[in-house]
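Read off the chains here:
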Amino acid sequence: MTETLTGAQILCRTLLEAGVDVIFGYPGGAIMPFYHALGDHPALRHILVRHEQAAAHAADGYARASGRVGVCVATSGPGATNLVTGLATAHMDSSPVVAITGQVPRAMIGRDAFQETDIVGITLPITKQNYLVQDVTELAGVVREALAVAQQGRPGPVLIDVPKDVQNQKTTYTPGAAARATLRDKNTQSLRGAPAAAPGVSASVEDGVREAARLIAAAERPLIMVGHGVIIGNAYAEVRALAEKTGIPVITTLLGISAFPDGHPLFLGMPGMHGEVRVNRAIQHADLIVGIGLRFDDRVTGNTAGFAPRARIVHIDLDRAEIGKNVPVTVGIVGDARDVTHRLAAVVQPRTCERWLAEIHDFTRPRAAAFRGDLAPETILASLYQATEGRCTIVTDVGQHQMWVAKLYPYREPNSHITSGGLGTMGFAVPAAMGVHLARPGETVWAISGDGGFQMNMAEIATMVQERLPVKMAIFNNGYLGMVRQWQQFFHGKRYSCTPIWSPDYVKLAEAYGIPGWRVKEAAELPDVVAQANDYSGPALVEFVIEQEANVYPMIPPGGSLSEPIETAPASAGD
Amino acid sequence: MPDSHTVAVLLDDALLTLNRAVGVLRRRNVPIERVALRPTATAGVSQLTFILKADAATADRVAQQFHKIVGVRDVVLAATEESTREVQS
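Residue numbers (my numbering), protein chains in the order written: chain A, 1 to 575; chain B, 576 to 664.
All clues given are correct.
Cβ-Cβ distance ranges computed for the label pairs, FRET-style:
#, chain 1, residue 1, chain 2, residue 2, range
1, B, Thr615, A, Gln152, 23 to 31 Å
2, A, Glu220, B, Thr615, 48 to 56 Å
3, B, Leu612, A, Ala107, 27 to 35 Å
Coverage of chain B stretches by chain A, computed from C-beta distances (three or more under 8 Å per stretch; other residues unrestricted):
#, segment
4, 585-595
5, 632-639
6, 642-653
Residues of chain A placed beyond 10 Å of chain B at every Cβ, according to the derived structure:
#, residue
7, His41
8, Ser66
9, Thr81
10, Thr137
11, Ala213
12, Ala241
13, Gly247
14, Asp336
15, Thr499
16, Trp518
17, Ser563
These aren't lab readings, by the way, just hints derived from the structure by calculation. Quantities reported herein were computed from a predicted structural model and do not represent experimental measurements. Don't be surprised by glycine CBs; every beta carbon is placed ideally from N, CA and C.
All chains, please: the whole structure from these sequences, using the hints.
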């Protein structure tokens, strides 16, 4: 049935029709018609954040936890530019976010009007697609297309900029009409006229799978490396089937964590800059790496010239542009992680890798005694695991705590670890955790941050209180921007330039926001406090006062080879 | 192995699509020798052509990025022949 609606009403209706039930935003002048219409659409729950950056991160967290599009809304100018970090984060980590921004009226565009900014131009390189809607008759089609583009193929963020007068314009609206254009899958197309230019990429999935199966049968030291693509593509069972049928050990990248159960006999851990020695050594000794849904990012490979020198690489990825981007591949298969892995698992010959597993076992080093005092990160994480029985989603920020959590927390449930990987966005955890909670309302969500990252977006505690979002916040407080300090210690002669960071009294801060807060200084206090915070019905905060100069070991220096980890603090000029 | 490759990108004749395509060249730090934009025989379709000083693998890596742009219709990659350079100059 066709109706006449305003642009603002069409925005609400198209979102609702697509199944969107929560949006994160902040009103302002150029987006006011939308907020006016929102009042007539109570099914669209709006979460009022304290800064637009948090809206983008929350939408991202919602998207990662639910697999559906996360939506954020902001006004023109500063509202829109504040979304940028969140969109860039979502872009790097392939997260389907749709941002709707108000724009100054069409007649004002280009005249440097109040709160005018070219947000479409600004976000060009950090969105999959973006739109400036100049005609209200196009709006419904654009929103439907944006929601589709964000999710299809390799997911990513999309921005829709809607001038204020377009929001007020009226047009006929037909519910449930098709998207503006029939979209092709932009990622998986192959090139024309590129004879020798695409080394390694198989002509078809069949060819690639057959060749990969042959390489797996012939390999003596094979590895499976899985990334975010396995989580996005819901390929857990397929990866596990492939690993168990072949006995090949599995490595998970930072964003691949929780794609394969910790504690499984074939689970090795995280590779790269802060990967365990045995994981990186396994890569350096491997003769075959089957990479599924990962980018071979520099934090994983170290210096690519020295990465996996003995290995042939089979790379399975949905995005054709990723294959051969960072490391040369022997076999590249363009396709969905779940589908391709399923087909590969079906055709591989059953085998075992007992000798190889024993060899990897011998690469294990005793964990360096990295922590002084008894409130070590591993002790904190053990008590968190105990209190939650491993059934919670952990959202981490960026820095030392992120690496400790990645390495030390035993993830049981698929997609229970959410973090900013590619962009490495400090301040991500607290707002993203709000989105995760809304995607999984019945489940416990812990946001773990350092004292630096927490202070970037701690204003969102107010959002949690106002919107009743029972996120549990943990702060690993060492009084430093710890990861930068660690680099200063290792590579800058221990000159701790601008890394000591003061914190407010977090217990009083919690009190100011009307939520419970605890400060833990000794391990003996852990079980009680963590259990109380975990069981509390609303948002709660726990500060863990940890050793000031603890380091994350081992560490591959930036640009270094995986074969040469730093395992103890180097003597430096400052010592 | 030719050290110069020509990439022709056929794309919608829309400012935003062109902007996005040119942005890829800048964003990916592509070593461009020459770049040109011209209309095609098909209404609404432009051709962005660029010559990059790079081996085949690099050229392929760059060309792949264009396929991901909504509004790009086709991408054709070829080793640059001397004759091609002549014609285009």
